[in-house]
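Chains as they are written, first to last, in this note's numbering: chain L, 355 to 945; chain X, 4 to 228.
These are calculated hints, taken from the structure and not from any lab test.
All values derive from a computational prediction rather than experimental measurement.
Mixed in with the good hints there might be a few duds.
Dumping the calculated SDA-like pairs for lysine to any residue here, alpha-carbon to alpha-carbon at most 25 Å [claimed, not checked]:
1) L:K662 - L:H942
2) X:K227 - X:F212
3) X:K77 - L:L627
4) X:K77 - L:Y682
5) X:K77 - L:K881
6) X:K77 - L:I597
7) L:K808 - L:K881
8) X:K77 - L:Y512
9) X:K192 - L:M694
10) X:K77 - L:G603
11) L:K808 - L:F874
12) X:K227 - L:S610
13) L:K662 - L:Y672
14) X:K195 - L:R478
15) X:K77 - L:H600
16) X:K227 - L:L627
17) X:K77 - L:A602
18) X:K227 - L:I597
19) X:K227 - L:A602
20) L:K384 - L:N886
21) X:K227 - L:Y672
22) X:K77 - L:P620
23) X:K77 - L:Y697
24) X:K77 - L:Y672
25) L:K384 - L:K881
26) L:K808 - L:T856
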Amino acid sequence: MSSHAVQHHAPPTSFLRKHVFSTDHKVIGKQYYALAFVAALCGMVLSWLMRFHLAWNNVAIPGLQLLSKSGAPGGVMTPELYLQLMTMHGTIMVFFVLTTAPFAAFGNFFLPIQVGAEDMPFPRFNMMSFWVTFVAFVVLMASFFVGDGPTLGGWTQYAPLNSVGAVSGPGQGTGVVLWMISIGLFCVGQLLGSLNFIPTTLDLRVKGMSLMRMPLTAWAWFITSCMGLTAFAVLMPACILVILDHVAGTSFFVPSNTVMNDQVLPHSGGSTLLWQHLFWFFGHPEVYIAIVPGIGIVSHILITSMRKQMLSQRVLIYCMLTLAVLSYMVYGHHMFVSGMNPYSSLAFSFPTLVITIPATIVVLIWTFSLYGSRLRINSASLFALGFISMFVSGGVSGFFLAQPSLDIVLHGTYFVVGHFHMVMAVAAMFGIFAGTYFWFPKMTGRMMNDRLGKIHFWLTFVGAYCIFMPFHYLGLAGNVRRYASFVDDYLQPLIPVHQFITVAALITGVAQIIFVYNLFHSRLWGKPAPDNPWEATSLEWSTPTPPPYDNFGGKHPVVYHDPYQYGVKSSVGDYVMQTSPEQVETEHDEK
Amino acid sequence: MPNTIHEPPPIDVSYLPERAHSGNGGWKNLVPAGGPPQVALDYSPPASSTAIWVVMFAIMMMFAAFTSALVVRKGSALDWRSFTLPSILYFNTLVLIASSVTLEIARRRIAAFMGGLKSQAASPSRWLYITLFLGLLFVAGQYVAWQQLRAQGIYLATNPSSSFFYLLTVVHALHVLGGLGGLLYVIRKLAKSSLRRSQLVATARYWHFMGILWIYLLLLLWMKV
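Work out the full structure: start from the sequences and follow the hints.
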């Protein structure tokens with residue numbers, strides 16, 4: 355390791371600069387994690403309320419009036435409030451949890467350390483990135499308390515509902531404008547994030563850290579930041595257009611002669627499909643923005659737990675790159691029932707099937723690498739395995755939905771709800787949990803309780819299957835989604851299934867208290883963590899725990915190996931750290 | 004199998020330039036041992052060089068989205084009414100092109116100054132101030148164009164064509180104002196003798212990009228509006 359001491363900026367001393375308006379990437383990473391944590395709790399409570407109403411739709415929910423007086427007369431949820439909660443649940447989870455935690459939180463904390471940098475290149479922009487995202491969350495949550503509540507148009511905010519104002523229902527005036535402002539701000543925050551992540555990866559790598567010597571997590575965050583750069587730069591102008599339709603009287607998205615609630619709307623000539631194209635150009639890559647960091651995290655953790663390299667690290671990287679590129683070519687599969695030209699459906703169906711190939715290769719690499727390995731079972735590796743299970747189970751249903759003829763039947767049903775929750779939401783959440791259990795010692799200097807972590811895993815794993823697998827059966831039975839209650843004759847027999855799902859959701863939600871307890875208790879009273887508790891090799895484990903302000907104590911590390919030299923015989927055990935100049939016999943070592 | 008690890012070449016830290024951050028990797032991975040600091044800089048580009056491409060790409064995607072929206076919206080209904088673009092836009096275009104020329108002169112003079120050719124470094128900030136003036140003139144010219152359209156009764160919501168005109172020109176002008184902020188930053192740094200070449204290059208690239216973007220937008224508006 356180079357002995358050249360570099361200390362370009364002194365650590366801040368005031369509380370505000372140290373913990374609130376900090377430019378330290380590690381603090382910003384923790385801030386993102388805290389934001390995602392709060393957002394996840396909010397989103398989970400909203401899902402409980404929805405699930406309870408779906409199962410027992412005439413039963414009053416105590417305290418619901420506090421959330422919305424007009425939306426819960428006597429504590430019973432109105433259909434409008436149900437749709438508002440559904441919209442907020444989706445928005446909070448997709449943007450402020452699934453994007454924020456695996457990418458912005460872990461990426462901010464560990465990307466600079468994993469490439470050997472002392473910080474991001476533009477720390478002030480990095481700080482702005484978090485605080486803009488925070489304001490975006492506040493604006494979104496403010497819609498609960500402004501006017502007639504949040505928007506009810508779903509997290510996709512389809513036109514023309516998103517542009518016609520209060521005539522289309524509660525929350526469709528101020529609520530939509532606040533939603534658009536919030537998501538527009540969120541886009542700004544993520545673009546500022548990409549502005550830091552990309553140069554960090556390309557320009558700030560330490561000596562010896564070639565691109566192929568970067569850990570898979572660093573690759574995943576880099577690829578995700580490139581996807582975010584493209585996707586959020588398109589969603590933001592779309593939000594601007596909607597806001598103009600609301601406040602400036604323009605007609606981008608509302609067709610001529612639209613009649614809504616017995617009123618002819620003054621807008622004319624707009625295109626509802628235009629919104630869907632702009633939205634899904636962002637929306638489908640967003641799925642991969644949520645899941646690719648998880649692929650990186652899971653690979654990183656599994657390799658460490660298996661004590662051997664993946665079958666091919668390079669192929670994993672190429673697959674993530676392919677997923678990223680193809681994610682922009684498949685977005686039309688969300689629009690098979692939109693009235694789009696049928697030939698366009700075919701054009702989008704083909705790459706949708708093709709994108710399963712890199713995803714399948716990733717899964718096969720994981721599976722065959724695991725085969726015969728002596729996996730160290732701990733909370734992190736269990737959640738990594740759970741990620742694979744969810745990714746496969748949810749991904750399989752994607753094959754069906756990629757066919758336009760089948761999607762037309764299934765698109766409006768719970769089949770789709772089951773599919774995207776498993777493949778994107780729960781899988782990504784498992785990636786977040788795995789990352790938390792794995793990196794918590796480095797982030798806080800204390801170990802988490804592994805026994806509680808394993809209990810948390812099994813309850814969550816079984817619970818997630820109990821919740822989301824039945825959704826597929828409901829969808830095949832024709833159970834429509836986005837309905838606040840199921841009063842039709844053919845839906846009545848399905849209500850017991852909904853009740854089962856609701857009970858499972860409540861139990862699984864309560865099981866998360868174990869995680870919350872473990873998180874806070876370990877943070878305060880956990881066993882002190884050594885510098886390298888997992889005997890891992892990448893750079894984050896070669897620095898003290900928790901890392902000093904400039905990450906490496908005023909020194910530049912030098913990298914001699916790729917990040918996954920396990921299963922070798924070295925002076926310290928069965929691994930060689932990236933910073934160790936020790937030469938060992940190995941099957942493969944990237945240059 | 005024997006290991007094939009290569010020891011990185013020895014590096015003399017006294018030759019390394021002062022860097023804001025720790026990266027010695029960059030695109031080329033290894034900083035060559037020995038050699039002047041400039042070589043090390045070439046091997047490891049400053050982050051601002053990459054960052055400005057990131058910024059330009061984001062802006063490009065944003066205007067690509069607006070462009071596709073314009074094309075789709077125009078084709079989706081028969082309510083599109085064309086209008087004649089204010090002629091001052093062509094004057095503004097010349098002003099923006101001229102500002103790119105003056106900024107390039109400034110950049111080369113400052114680069115010559117940094118390279119030690121002090122004879123060519125006469126008042127490099129003068130050209131930066133001229134660029135700043137031309138940039139402000141461009142924004143003022145755009146404002147005049149908006150006023151001319153308002154005088155004709157063409158407002159943001161009058162027609163989708165006018166909506167897109169105002170939208171594209173205002174968003175572009177806001178980005179030009181951002182570039183003017185960058186110019187002010189460069190002028191301030193130059194006055195303090197703390198300007199880095201990468202900062203100047205990044206600002207110049209952004210400014211030229213604003214010019215190219217405007218020419219594209221003018222052509223788009225001329226053809227479609």
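Cross-check of the supplied hints:
1. L:K662 - L:H942: holds (11 Å)
2. X:K227 - X:F212: holds (22 Å)
3. X:K77 - L:L627: holds (13 Å)
4. X:K77 - L:Y682: Cα-Cα ~24 Å, so holds.
5. X:K77 - L:K881: It is violated: about 64 Å lies between the C-alpha atoms, which goes past 25 Å.
6. X:K77 - L:I597: holds (19 Å)
7. L:K808 - L:K881: holds (17 Å)
8. X:K77 - L:Y512: Holds, at about 20 Å.
9. X:K192 - L:M694: Measuring from Cα to Cα gives roughly 54 Å; hence the hint is violated.
10. X:K77 - L:G603: holds (17 Å)
11. L:K808 - L:F874: At roughly 17 Å apart (the allowed maximum being 25 Å), L:F874 and L:K808 satisfy the hint.
12. X:K227 - L:S610: The hint holds at about 21 Å.
13. L:K662 - L:Y672: holds (20 Å)
14. X:K195 - L:R478: Roughly 21 Å between the alpha carbons, so the hint for X:K195 and L:R478 holds.
15. X:K77 - L:H600: This hinted pair holds, its Cα atoms lying about 20 Å apart.
16. X:K227 - L:L627: Holds. X:K227 to L:L627 sits at ~20 Å (cutoff 25 Å).
17. X:K77 - L:A602: holds (19 Å)
18. X:K227 - L:I597: Holds - the C-alpha atoms of L:I597 and X:K227 are around 23 Å apart, at most 25 Å.
19. X:K227 - L:A602: holds (22 Å)
20. L:K384 - L:N886: With a Cα-Cα distance of about 20 Å, the restraint between L:K384 and L:N886 holds, given a limit of 25 Å.
21. X:K227 - L:Y672: violated (41 Å)
22. X:K77 - L:P620: holds (18 Å)
23. X:K77 - L:Y697: Since the Cα atoms of X:K77 and L:Y697 sit roughly 22 Å apart, the hinted pair holds (cutoff 25 Å).
24. X:K77 - L:Y672: violated (40 Å)
25. L:K384 - L:K881: Cα-Cα ~20 Å, so holds.
26. L:K808 - L:T856: holds (23 Å)
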